[in-house]
Every structure is written in structure tokens, then in C-alpha cells.
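Below, each chain spelled out in residue letters.
2 protein chains.
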Amino acid sequence: MVQAFEEISAADFFYRNRDIAGFTNPSRAIFSSIRELVENSLDASDQSRIPPEIYIRLSFEYEGSMKGSGEVKAEDESLFENGFRGTEPKVYRLRVADNGSGVPARHIPAAFGQVLFGSKYKLKQTRGTFGLGGTMALLYGQITTHKHALVKSSTGGARIYIYKIMVDIPRNRPIILDRKILLNKEGWRGTIVEFSLEGDYAKAMSRILEYLKQTALVNPYANIMFIDPKGRLYKFTRVTTQMPRPPKETKPHPYGVDVEAIQRLIRVTPCRNMVDFMRNHFHRVGEKTSHKFLEFAGIGKTINPRKLSRERIVRLVKMMKRFRNFLPPDASCLSPISEELLKAGILKELQPEFIAFCQRQPSTYSGHPFIVEVAIAYGGNIARKNDLVLYRFANRIPLLYDEASDVSWRIIKRINWRRYKVSLDMPIAILVHICSTKVPYKTVGKEFIADRPEVKREVLNGIREAARQLQRFLTKREHVERERKRLSTFSKYLPKIAQFSTELAGKKRPPDIKKLLWSVKKYEEK
Amino acid sequence: MVQAFEEISAADFFYRNRDIAGFTNPSRAIFSSIRELVENSLDASDQSRIPPEIYIRLSFEYEGSMKGSGEVKAEDESLFENGFRGTEPKVYRLRVADNGSGVPARHIPAAFGQVLFGSKYKLKQTRGTFGLGGTMALLYGQITTHKHALVKSSTGGARIYIYKIMVDIPRNRPIILDRKILLNKEGWRGTIVEFSLEGDYAKAMSRILEYLKQTALVNPYANIMFIDPKGRLYKFTRVTTQMPRPPKETKPHPYGVDVEAIQRLIRVTPCRNMVDFMRNHFHRVGEKTSHKFLEFAGIGKTINPRKLSRERIVRLVKMMKRFRNFLPPDASCLSPISEELLKAGILKELQPEFIAFCQRQPSTYSGHPFIVEVAIAYGGNIARKNDLVLYRFANRIPLLYDEASDVSWRIIKRINWRRYKVSLDMPIAILVHICSTKVPYKTVGKEFIADRPEVKREVLNGIREAARQLQRFLTKREHVERERKRLSTFSKYLPKIAQFSTELAGKKRPPDIKKLLWSVKKYEEK
Numbered sequence: 025m026v027q028a029f030e031e032i033s034a035a036d037f038f039y040r041n042r043d044i045a046g047f048t049n050p051s052r053a054i055f056s057s058i059r060e061l062v063e064n065s066l067d068a069s070d071q072s073r074i075p076p077e078i079y080i081r082l083s084f085e086y087e088g089s090m091k092g093s094g095e096v097k098a099e100d101e102s103l104f105e106n107g108f109r110g111t112e113p114k115v116y117r118l119r120v121a122d123n124g125s126g127v128p129a130r131h132i133p134a135a136f137g138q139v140l141f142g143s144k145y146k147l148k149q150t151r152g153t154f155g156l157g158g159t160m161a162l163l164y165g166q167i168t169t170h171k172h173a174l175v176k177s178s179t180g181g182a183r184i185y186i187y188k189i190m191v192d193i194p195r196n197r198p199i200i201l202d203r204k205i206l207l208n209k210e211g212w213r214g215t216i217v218e219f220s221l222e223g224d225y226a227k228a229m230s231r232i233l234e235y236l237k238q239t240a241l242v243n244p245y246a247n248i249m250f251i252d253p254k255g256r257l258y259k260f261t262r263v264t265t266q267m268p269r270p271p272k273e274t275k276p277h278p279y280g281v282d283v284e285a286i287q288r289l290i291r292v293t294p295c296r297n298m299v300d301f302m303r304n305h306f307h308r309v310g311e312k313t314s315h316k317f318l319e320f321a322g323i324g325k326t327i328n329p330r331k332l333s334r335e336r337i338v339r340l341v342k343m344m345k346r347f348r349n350f351l352p353p354d355a356s357c358l359s360p361i362s363e364e365l366l367k368a369g370i371l372k373e374l375q376p377e378f379i380a381f382c383q384r385q386p387s388t389y390s391g392h393p394f395i396v397e398v399a400i401a402y403g404g405n406i407a408r409k410n411d412l413v414l415y416r417f418a419n420r421i422p423l424l425y426d427e428a429s430d431v432s433w434r435i436i437k438r439i440n441w442r443r444y445k446v447s448l449d450m451p452i453a454i455l456v457h458i459c460s461t462k463v464p465y466k467t468v469g470k471e472f473i474a475d476r477p478e479v480k481r482e483v484l485n486g487i488r489e490a491a492r493q494l495q496r497f498l499t500k501r502e503h504v505e506r507e508r509k510r511l512s513t514f515s516k517y518l519p520k521i522a523q524f525s526t527e528l529a530g531k532k533r534p535p536d537i538k539k540l541l542w543s544v545k546k547y548e549e550k
Numbered sequence: 025m026v027q028a029f030e031e032i033s034a035a036d037f038f039y040r041n042r043d044i045a046g047f048t049n050p051s052r053a054i055f056s057s058i059r060e061l062v063e064n065s066l067d068a069s070d071q072s073r074i075p076p077e078i079y080i081r082l083s084f085e086y087e088g089s090m091k092g093s094g095e096v097k098a099e100d101e102s103l104f105e106n107g108f109r110g111t112e113p114k115v116y117r118l119r120v121a122d123n124g125s126g127v128p129a130r131h132i133p134a135a136f137g138q139v140l141f142g143s144k145y146k147l148k149q150t151r152g153t154f155g156l157g158g159t160m161a162l163l164y165g166q167i168t169t170h171k172h173a174l175v176k177s178s179t180g181g182a183r184i185y186i187y188k189i190m191v192d193i194p195r196n197r198p199i200i201l202d203r204k205i206l207l208n209k210e211g212w213r214g215t216i217v218e219f220s221l222e223g224d225y226a227k228a229m230s231r232i233l234e235y236l237k238q239t240a241l242v243n244p245y246a247n248i249m250f251i252d253p254k255g256r257l258y259k260f261t262r263v264t265t266q267m268p269r270p271p272k273e274t275k276p277h278p279y280g281v282d283v284e285a286i287q288r289l290i291r292v293t294p295c296r297n298m299v300d301f302m303r304n305h306f307h308r309v310g311e312k313t314s315h316k317f318l319e320f321a322g323i324g325k326t327i328n329p330r331k332l333s334r335e336r337i338v339r340l341v342k343m344m345k346r347f348r349n350f351l352p353p354d355a356s357c358l359s360p361i362s363e364e365l366l367k368a369g370i371l372k373e374l375q376p377e378f379i380a381f382c383q384r385q386p387s388t389y390s391g392h393p394f395i396v397e398v399a400i401a402y403g404g405n406i407a408r409k410n411d412l413v414l415y416r417f418a419n420r421i422p423l424l425y426d427e428a429s430d431v432s433w434r435i436i437k438r439i440n441w442r443r444y445k446v447s448l449d450m451p452i453a454i455l456v457h458i459c460s461t462k463v464p465y466k467t468v469g470k471e472f473i474a475d476r477p478e479v480k481r482e483v484l485n486g487i488r489e490a491a492r493q494l495q496r497f498l499t500k501r502e503h504v505e506r507e508r509k510r511l512s513t514f515s516k517y518l519p520k521i522a523q524f525s526t527e528l529a530g531k532k533r534p535p536d537i538k539k540l541l542w543s544v545k546k547y548e549e550k
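Chain order of the listed sequences is A and B. Read in order, the letters of the first sequence correspond to residues 25 to 550 in the working numbering. Read in order, the letters of the second sequence correspond to residues 25 to 550 in the working numbering.
Source of the hints: derived by calculation from the structure; they are not laboratory data.
Which copy? The list can't say, so a pair holds if one copy fits it or any two copies do.
Okay, derived cross-link-like pairs now, DSS-like style, lysine-lysine, Cα gap no bigger than 25 Å in a straight line:
1) LYS437 with LYS409
2) LYS188 with LYS331
3) LYS520 with LYS538
4) LYS342 with LYS316
5) LYS144 with LYS176
6) LYS312 with LYS345
In this text, all values refer to a predicted model and were calculated from it rather than measured experimentally.
Work out the full structure, taking the sequences as your base and the hints as a guide.
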């Protein structure tokens, strides 16, 4: 039996395996398409430093092709919330417009018509990371409707470009069907993407709205407008025009590099000796640290990096991980949400009695700095669910699917909450935000975060710190409650005793018991 | 601010995002490496039709480089079962040898040194599907140890080839460092892969052994031998030399194709009219069905497929999904485990009191036929865990990670088990096996299966059918139990009454009460 070996393109790979990119079924596909394009838009306005205006319109085009299935009984309808029954998927037209940085004309076709092509393969905190999302949405539209997509973009220069494109899947290359150039008289800047796709909006609706709500919560400087196929308008208005500190590109931290990364640096370095090599290519390595490290590692300072042998490269990586005196990664390249913003968002959505917050010190995994922020909210509008509620965010985007596999959920499940006076029937919501130059997603669909040990540790410690704050609050509330009861007993009986004693002593005015009550108080209520 | 756009290779993509391929941390990496190579070996012997002999040796090479972290208190050690603390990762040498079909010499470098290259991009039930696993293992070894890998293979011809290879990650091409050719005097056939990698065997051990145990359970015709770094030998011996019916390659079923698939067929078809086109390229479409369908779809039978307009192609796909008279996909291309084999495996491992089994009719999703098999076992060695135990298999390999995101787990969690007289504290284990020409994994690491609606339906119906069998067993056992109690009451008092009556009547011999007892029996015990 002869085996036929073949090579497939990256686009073909994701076409064959669209499940792994979040395009599992008609409802997920419509959710993922909106999500990927909104995240591109938000990234594009981080780039331009102008508060984003994002306009999303989903309109009904015609009846779709996929068929439902008959075998399920009515009793089990609740099992199929992700949808294959009842409504047939329909064909929709999706348009997402933003006022972001725009895509340079020569890159438009590849940016939307080729997978593994993009501007996000940098050490920088961005929402997109895989260089896949936009193209996957268009590709899904193409394989379900066989129609081209329209991309209109300008970087604010003299021209606006409009491309009609499709994806050549076997070759992973864009096909340009048509190109128009308009004069940009009004100095417009931004990107508009429009295409048709099969989907199931009825099933996807609640997730899409939840996604937009949570996105608005952690991006309070964005205006987001969504018009759904029934013409309903959902508007998420900005509460500030102040943009957060923009994320910066950074170099790899020495604790996180592998031999492949070193080799790539060696291939391009202009440095002629190891001191310069260390200083120029690594995050937080200065002249002094460079000298100290090379002595520690036993690697000659004057060696030309290009002449390093294999064994030396392995040793270099090994010693980088062992050396204790590298400074921790600098958080200035990251843009966490911050206590103020996160608390404001939580207050707006949940109106809790109490919020604990903890921003962990920056840490690093595989050369990528990251910061974990945790908030725990108690009471207010948080529902009692016999379980804790978890909101997950990564680089300012909400993660909605596959919670149970997420590192944060797994940690929450294994913490001994009784130690923090928490029982699962309390109204408690936990928010975990991880920002990093590279979020360790476990699926290309960006649904959940892998169990990287360093991330696990930071999330755990963040939750514990916030939980301790909550514990102090709960303990105090308990004391206050006990004290209130004790005082209420005193204030119930003291006046009677005072009155009785007064009568017994034959006096007219009972003594002032306020002072007495005050003296038995143990805690002051605030 | 100028954005730099760039294109990266598929190997570079998976190097940057190794989390999504199952190489998250040193313990997962060592698990995934063994798993991927074992699955390649099993596939290679399906190919050669000779019962597999798989030999795995993991040996300690030297201390690794990654560092632990100090911040965790002892109290929380249990939280870190996936390991980052305590033991530093070490460098191991892994060797996996099989007697499978072997890889043709000219394909060896690409098969192990290039991602998205392989022999498994067919419509055929295989364990590997992504053309990634073997190369990812070698790539992980390379970036942690900077060493080449050795691949020795022969297809049983006159020569044995030995390649020293590395992966050129930025270009996604193999680098051949050396090649040796030996004379194959003894007619050896098979493949041996050997390379070094950083890992944490102490943390990975229990999963590796569980994986091998479950693999042996569903591949009872395989001999698997594993020598661990401490020299301990684990041997899983075959119980049969009979190989299962081999999976066959098949054509796409019309219910599952999209416009891209049609276009690809049009590009290569030798057919000059639509009747032939339908007949030759689709699963279960014969002359008659072809005619009927084309009439239903309103597409001319004599049209040359290459002349189909875009709108016609979309219509063709749409009508394919609507046409009710296509035969369901033929199961003969699939190789399910079968009732006999699955029950034997369960009996061996769990010794339950009762096993319910259900093999569903073949179904299809996106053009891929699949079969779901479900077994529910009760009692015996199954632990009472206050939750049901789930074993998941896909194309005869066990899935161990991320259970909570798997379609089967989600269905089990939402079934109303009381309806089947099942309470969660009963000792119950559920086994779900899905075999398909393409398993809809959601991660490239093959950890869990996506919520494809068609798959969801089959798994649900399979579990319900098996659950009904279990219900009948439980109901019967309950009756038998009640009857046993009732009879035991009779048999306790009847002799006394008989004796008393005998004495009262002044007789010597009490009457025979056996007949009497028999007459009150409602059910016969078997």
C-alpha cells in the first residue's frame, strides 16, 4: 500500500480545521467574525491614539443552505443552546467600520486574504496575536457564500483604497478581483470590511451582546454601535476620551528565550562581541548586568556572537535562566486596565457592596512579560448562583467560551475558599485580567489561557491577595454584625434597668445611658 | 507610527504558539512527544496490517535549564500538579521504535522536519490528522536542547535510511545534517525516532502511564513496551493478533461539502457532465441518485462542471444539503471499536456488574462520516466519586486533557440523570468513542472535541440509549431487591407459623413450606 505524502498551505490547514479557530458552527462563526473584526478595530485605534468609533452592522441577506436535523425530541431542546435545530442558518451581510490607523494600500490584500500575515508578530500587547482572525472571517464567508469581500481603507493620506478580494486557499494568497482608488478629500482614516457569511444570529445574539458589553467595560474610551438584523440599535457610549497608556514594543527578556530565539538574533545582530549582544537584544540588560552575567555564565565577553558553538548557545540559554540578577521585566511596555478603571467598570455593571483589587508585579513566561489583575466583588447585583462567577479578560478583550478549561477557573476551583470565610452561595464575582506581549492562549480561537506555570502562580497569588482583602471585609462585617447585636441587647435592656433603678431610688430623671452604651462599644462603626 | 507587516511560516507559527499544539510546559511536552510518536506508530501499523510492536525508551540525559520559582507556599503544592516547582526540568533522550509501514526515504526529512506535511490529509480514519505531531516533538526538542534528531526507517526494501535532521523554523523546511544508508539484510521494516528534549518526567509520569493503559485498552492487538528513566519496564501485551478491519479512504459525502470543496473538485475533474461529476466525486452517489438530484436541484445534467457559474456552485451546495434522498454515509470506511472489543476492554479494567453498549448509526458532519460508540459500566471496580466518570476516545486514542470542554462531558453534565434512575454517587463510568475520517478536535493538541451539532446529537442519543439500558438494569435490580426482601420476610415467618400450627394441630411433621414460598414469588431470579 503506497502512502501519498503532500504539503498543504497554512490557509488550507485552517480551512480544514476551522474548529480550532473558533468557526465551529453557524452561531459560533457569526460570533467569531464580529469579534475578530472588532478586535482588529480596537487594535487599530490603539495605533492611531484616537478614541475608537466602531460601527457594526449585521443584516439579513437570504435563506442559507445548511439543514437541521429531526431526531431530537422537544424535551431536550435546552441541550442545544449552541444550535443546530429549528432555525436554518441564514446568509447575513456583516459590515464593520472603524476610525483606526488604516492599513497601507499595498498590505490590504494580504492582511485580509492570507493567513499568517500581519502586523502583530511583535513583542507588544495587542488583542490580535495570530494574524488569522480577519482572514478567517472572510474565508468562512467565502466557503459558505462563494462571494468576495470588500475592504476599504485609508491611512489618512490623499487616497482611499477599495479592494474586492477572495482567498486562494490552496496557495494561501489573496486574489484581487478589483481595486478602486478614491480621493480622500475629507481626510478620512480607518478601515471598513464588508462581506457575506452564513450564520445563525438567533443563537449567537446573547453571546454577541454579552461580548460587546464586556468589551465596552474594559475599553471605556470606545464608542461601539451595533445594528442587528432586526434593525435594533445597541449603543455602548464612551465614558472617557482619555486613551490608556499605549502598549510599547519590547525586546525579549533573558529568562524566557530558547535556543531558536538566540539563533535568530545571532543571524541578524550587528554586534561583534557578547557584551554588546546582551545589551542590545535583551530587555533590561545594561552594560553592568551584561558583564556580570557573562562572568557568571563563563562565556568570553569578547567572543563574536556569530562564532558561538552549539554547546555555547545551549549553555548561554541555560545560564540565562539560572542567573538571579536580571531585573524583572519592565511593565512600561504593558497596558493593564488599572484599579480605577476596573473598579469603575465593575461598579457600573454590578453595583457591589465591596470590591477587592490586586495588580500583581510584572512577571515573565518564555520571554514575555505579563501582568495579572484580579478584582473580587461582593454583593450588590451579583447573583447568588451556588458557585462563584468568573469574568475573564486578556489584553482588554473578554473571553466568553470554554471557561472550564481556563487557568483561572481551574485555580478558583481548587482554592480552599473557607479559609477566606467565603462560601459558594455568597454573591461573589471574580474578574481576572491578564495582559502580556503574548497571551498564552491554548486555542487559536482565543477562548482560554493555558496552564503556564508562571501565569498560574500569578493568578493564584492575585486571587489570594484579593481574597484576603475580601476576608478582612467579611470578618469586619461579621464583627460589626455581632457588635450590633450586642449593642442592641444593651440598648434594649439598659433603659429599662435605668428606669427601674431611678424609680427604686425615688429619683425623677433617669441617668444618661448614652455614655454607658458608648463605653461597652468595642468597635466603631464607620 | 508605521506598522510593520510580515509573513511567517507555518513552523514559525507553531513555534511561537506551541501551547496550542499541546507543548505548554515541560511535563506536557514530554507527554505530548510520546503520545504523538506512539500514534504515528499505531497508524503506521494500520497501514502495514501487521500487529504493532512499539518500543518506547525515555532516558535521563542531563540537568536542564529552566528555573523554578520560589513564591509558592507549601500549603498550595497540590495546586501545581502540572508542575513548575520543585524539580527542575531535565534533559531526556526519547526513542520510539515501531514495526510499521516505514516512511519512504525521500519523504523522511519533510515528514519529520516540516509542519503541514504528511500522508494524513485524506478522508480516512487515522489517529494523526494535522500533519504536525511528530515534527512538533522534534521542534520542541530542538529549541530546548539545540540538538538534531535521528530518524531511521525502512519500508522493508533493500535499504535502511538514517537521517540526522533539524527543522529550519523560519522557512518551515527540514535541514539534513547527515544521511546514511545501510543494507537491509534482515528485511526490517519500521521507523525509529530518537531525539533529546527538556521535560519533567516526574510530573508527567502518571498521565503517560494512564495514556498507555487506555491506548492498550482500545488497541488490544498492540504490544507496547515502555522503559522509563529509572529503568522500570511497563509492558502492555496484546490479547489478540487479529487486526481490526482497516479504515478505508473515502470520497466526501454531498451533505457536507462547501463551495471551496466543489471548486477544488471542478479544478481536477476529468468529467464532462454533471451526472458523471456527481457520480465520480461523491460518496454514495450512483447513476440513479445523480439523475434524481440534478432534477431536484434544477441543474442541467449535461452541463460541463468547469462551466458552472458562481451562483450555480452556491446553488449546487445549497441543494445538496436540502436533498433528502442521498444514502447516509457508508460505515465501511470507518473502523469502530465494536461491542465485543470495548466490553472486553472494560471488563479487563473495571470488572463492572453491568455494561450497557450502544453503537450509533453512521452520521455525517461537513462531509465526514462518523460513528459514535457509547458504553456505560456500573459497579465493580468503578470508584464512587460523587460524579460520573468519563473515558473519552477518538479514532482509538484516549483523550486525557481538558475533559471539561469536551462535547461529551458537556452533554453528560446537562442530562437529567434522575430520569434514568441514576444518582451521581453511583459507581458509574461512561465511555464515549468517536471515530471519523476527521475528528472535529478543537485544539491542535487533540485534547477535546468541538460542539459540532451533528456530533452532539449522536453522542447525546448514544448516551441516552445506553442510559435506558442501564435504567432497565437498575429497575430490575430494584425489583429483585424488593422481591428478595419480601421473600426473606416470608421465609423468616412462614417456618415459625408452620411449626406453631403443627404443634397446635398436634401433628409431628410440619408441612412443606417450599411450595408456599414458591407460590408468592413474583419474579424469577436468574
